[in-house]
Amino acid sequence: MRDFLKKWHPAVIVIVAGTLFTRAAFFMTMPFLAIYLYNEKGIDPAMVGLIIGVSALTGTFGGFFGGYLSDRIGRLPVMTVAIFIWSAVFVGFAVADLVWHFFVLNMLNGLCRSWFEPISRALLADVTTKENRLHVFNARYFAINVGAAVGPVVGTQLGTSNSTQAFYITAIAYLLYALLIVFTLKGYSKELKGGEERKFSIKSAIGVLLRDRVLAFFLIGNTIVMMAQSQMDTTLAQYIGNAPQFENGVKLFAYLVVTNAITVLLLQFPVTNYVRRFQPMNALRFGSFAFSLALLGFGLSTNWVFLVISMVFLTVGEIIVFVMSDVLLDDLAPEHMRGTYFGAMSFRSIGFSAGPWIGGLLLSTFGFEHGFYVFGILTLISLLSLPFFQYGEGIRKTLLEQQSAST
1 MRDFLKKWHP
11 AVIVIVAGTL
21 FTRAAFFMTM
31 PFLAIYLYNE
41 KGIDPAMVGL
51 IIGVSALTGT
61 FGGFFGGYLS
71 DRIGRLPVMT
81 VAIFIWSAVF
91 VGFAVADLVW
101 HFFVLNMLNG
111 LCRSWFEPIS
121 RALLADVTTK
131 ENRLHVFNAR
141 YFAINVGAAV
151 GPVVGTQLGT
161 SNSTQAFYIT
171 AIAYLLYALL
181 IVFTLKGYSK
191 ELKGGEERKF
201 SIKSAIGVLL
211 RDRVLAFFLI
221 GNTIVMMAQS
231 QMDTTLAQYI
241 GNAPQFENGV
251 KLFAYLVVTN
261 AITVLLLQFP
271 VTNYVRRFQP
281 MNALRFGSFA
291 FSLALLGFGL
301 STNWVFLVIS
311 MVFLTVGEII
321 VFVMSDVLLD
331 DLAPEHMRGT
341 YFGAMSFRSI
351 GFSAGPWIGG
361 LLLSTFGFEH
371 GFYVFGILTL
381 ISLLSLPFFQ
391 YGEGIRKTLL
401 EQQSAST
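Using the working numbering, the first residue of the sequence shown is number 1, and each one after it goes up by one.
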């Protein structure tokens, strides 16, 4: 442990530890929000999809602006403001009652997440050598899924799908994380400024992003993949919780979330060590295809065994997409614009926003008895990401060849 503390920057230790702590609290509540809104508040599935999806919509543009600010004024001020507000949002979920309350709260939830998450990843890259960044990104993702393994089980015991107690616990966890950041990292504030001391306007930042064609194809493909990934906490949650062929659906869904987390803990390092031999865009194609197989499997499943197998496929896709996306962005980003690039990945949240709404419409149209049609259509949508990753890799390969020839 002493060698570990010496090897990593204190910011890495704080963020990884805080991520483990807060994600356990997060997964006590948010995976069950769709069930809570439908069962306890009587909100229509399509409307539930809109409420869940609106967080991603606000995060779409909020992430870019937050990343830009972190490059201009530093990572810590933006992260600190975001996480304090985030804590208050979970208190709001506990006391909210009306539909518009949940809309506003989930908008703020998405905004805080889009500011804090990309900027924390950019900060990890700032304080870590290039050869160690994959290990650091892996450590953060590992912490997320340790929390995800614990949170749903605790949430089920607390009755999160029909109670508000867990929201208060989550709020306290995020408040403690905020205080940990403030008091532990305040002595490193100068060191943790964004990138280089090079000032640039938001207009010039947008211009750089628009000219980066590899980034454009990556974001489009990733947006489509996120439509698939977003189904887990929304469409799949409502489907498993209410489909007549599944008994104790809420508990079954909680176990599927735990399966997701445990699979990450077991397979994350073997999978990432295997796919790192491929170019990031090609690895993302593998991950996207795994998502598609998982969605098809959910639609065909009639018992928990096939649901678990499908969740394993979804998890493998999730491992590849989430880790390799960070690696690709780190490769693409200029040093002084790392926060802006990581913030730009929030544009993929359009998929997180549209996905729950599309899934909710499909559930409203076909009902809980016809999962094959719901998830079959979602599978076809997910497959649309493959050509975008292929085109992006082709452009990236050409650019690298041109750079090699010029040198």
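Derived by calculation from the structure, the hints in this document are not laboratory data.
Just so it is clear, the structure is predicted and the values come from calculations on it, not from any experiment.
Ideal Cβ placement from N, Cα and C applies to all residues, glycine included.
Please note that the accuracy of each hint is not assured.
[Stated by the list, open to error] Okay, derived cross-link-like pairs now, SDA-like style, lysine to any residue, Cα gap no bigger than 20 angstroms in a straight line: (1) Lys41 / Leu158; (2) Lys186 / Leu252; (3) Lys41 / Val127; (4) Lys130 / Phe269; (5) Lys130 / Asp331; (6) Lys397 / Asp331; (7) Lys130 / Thr302; (8) Lys130 / Gly249; (9) Lys251 / Ile262; (10) Lys130 / Ile262; (11) Lys41 / Ile172; (12) Lys251 / Asp331; (13) Lys41 / Phe103; (14) Lys130 / Asn273; (15) Lys397 / Val327; (16) Lys130 / Leu332; (17) Lys397 / Leu380; (18) Lys397 / Leu210; (19) Lys186 / Val16; (20) Lys251 / Val154; (21) Lys130 / Lys251; (22) Lys397 / Leu332; (23) Lys186 / Asp97; (24) Lys41 / Ala96; (25) Lys251 / Leu210; (26) Lys186 / Pro10.
[Claimed, not checked] Restraint ranges, calculated between C-beta atoms of paired labels, are given here: (27) Glu40 / Lys397: 19 to 29 angstroms; (28) Leu267 / Leu98: 40 to 50 angstroms; (29) Leu210 / Glu40: 41 to 51 angstroms; (30) Ala405 / Leu210: 35 to 45 angstroms; (31) Pro77 / Phe306: 47 to 57 angstroms; (32) Leu400 / Glu247: 47 to 57 angstroms; (33) Leu267 / Thr302: 41 to 51 angstroms.
Taking the hints in turn, this is what the structure says about them:
1. Between the alpha carbons of lysine 41 and leucine 158 the distance comes to roughly 18 angstroms, so the proposed pair stays at or under 20 angstroms and holds.
2. Restraint check: the Cα-Cα separation between lysine 186 and leucine 252 comes to about 43 angstroms, which exceeds 20 angstroms; the hinted pair is violated.
3. Simply put, lysine 41 and valine 127 have alpha-carbon atoms about 45 angstroms apart, too far for the 20 angstroms limit, and the pair is violated.
4. Simply put, lysine 130 and phenylalanine 269 have alpha-carbon atoms about 18 angstroms apart, close enough for the 20 angstroms limit, and the pair holds.
5. Simply put, lysine 130 and aspartate 331 have alpha-carbon atoms about 9 angstroms apart, close enough for the 20 angstroms limit, and the pair holds.
6. Our distance criterion of 20 angstroms between C-alpha atoms is met by lysine 397 and aspartate 331, whose separation comes to about 13 angstroms.
7. The suggested pairing of lysine 130 with threonine 302 is violated, with an alpha-carbon distance near 46 angstroms, which exceeds 20 angstroms.
8. The suggested pairing of lysine 130 with glycine 249 is violated, with an alpha-carbon distance near 44 angstroms, which exceeds 20 angstroms.
9. About 16 angstroms separates the Cα atoms of lysine 251 and isoleucine 262, which keeps this hinted pair within 20 angstroms; it holds.
10. The straight-line distance between the Cα atoms of lysine 130 and isoleucine 262 is roughly 28 angstroms, outside the 20 angstroms bound, and the hint therefore fails.
11. For a cut-off of 20 angstroms, the pair hint linking lysine 41 to isoleucine 172 is broken: about 24 angstroms separates their Cα positions.
12. Distance restraint check for lysine 251 and aspartate 331: the Cα-Cα separation of roughly 41 angstroms exceeds the 20 angstroms cut-off, and the hinted pair is therefore not satisfied.
13. A C-alpha spacing of about 13 angstroms is found between lysine 41 and phenylalanine 103, which places the hinted pair at or below 20 angstroms, so the restraint holds.
14. Our distance criterion of 20 angstroms between C-alpha atoms is met by lysine 130 and asparagine 273, whose separation comes to about 16 angstroms.
15. For the given pair, lysine 397 sits about 16 angstroms from valine 327 by alpha-carbon distance, which is consistent with the 20 angstroms threshold.
16. Restraint check: the Cα-Cα separation between lysine 130 and leucine 332 comes to about 13 angstroms, which is no more than 20 angstroms; the hinted pair holds.
17. The hinted pair formed by lysine 397 and leucine 380 fails the criterion: a straight-line CA distance of about 28 angstroms is larger than 20 angstroms.
18. Proposed proximity of lysine 397 and leucine 210 is supported: the alpha carbons are some 19 angstroms apart, at most 20 angstroms.
19. With a CA separation close to 17 angstroms, the supplied pair lysine 186 and valine 16 stays within the 20 angstroms bound.
20. Proximity of lysine 251 to valine 154 is assessed by CA-CA distance (about 11 angstroms); at most 20 angstroms being required, the pair is judged to hold.
21. Using a Cα cut-off of 20 angstroms, the hinted pair lysine 130 and lysine 251 is violated, with the two alpha carbons roughly 42 angstroms apart.
22. Simply put, lysine 397 and leucine 332 have alpha-carbon atoms about 13 angstroms apart, close enough for the 20 angstroms limit, and the pair holds.
23. For the hint pairing lysine 186 with aspartate 97, the CA-to-CA distance comes to about 38 angstroms; that exceeds 20 angstroms, so the pair is violated.
24. About 10 angstroms separates the Cα atoms of lysine 41 and alanine 96, which keeps this hinted pair within 20 angstroms; it holds.
25. A C-alpha spacing of about 45 angstroms is found between lysine 251 and leucine 210, which places the hinted pair above 20 angstroms, so the restraint is violated.
26. Between the alpha carbons of lysine 186 and proline 10 the distance comes to roughly 11 angstroms, so the proposed pair stays at or under 20 angstroms and holds.
27. Roughly 52 angstroms separates the CB atoms of glutamate 40 and lysine 397, a value that falls outside the hinted 19 to 29 angstroms.
28. Checked against the hint of 40 to 50 angstroms, the C-beta distance between leucine 267 and leucine 98 comes to roughly 42 angstroms, which is consistent with it.
29. In this structure, leucine 210 and glutamate 40 meet the distance hint of 41 to 51 angstroms, their C-beta atoms being roughly 44 angstroms apart.
30. At about 26 angstroms, the beta-carbon gap between alanine 405 and leucine 210 misses the expected band of 35 to 45 angstroms.
31. Taken as a hint, the range 47 to 57 angstroms holds for the pair proline 77 and phenylalanine 306, whose Cβ atoms sit roughly 48 angstroms apart.
32. In this structure the supplied range 47 to 57 angstroms holds for leucine 400 paired with glutamate 247, their Cβ-Cβ distance being about 54 angstroms.
33. Leucine 267 and threonine 302 have their C-beta atoms about 25 angstroms apart, which leaves the hinted 41 to 51 angstroms range violated.
The structure shown violates the earlier hints numbered 2, 3, 7, 8, 10, 11, 12, 17, 21, 23, 25, 27, 30 and 33.
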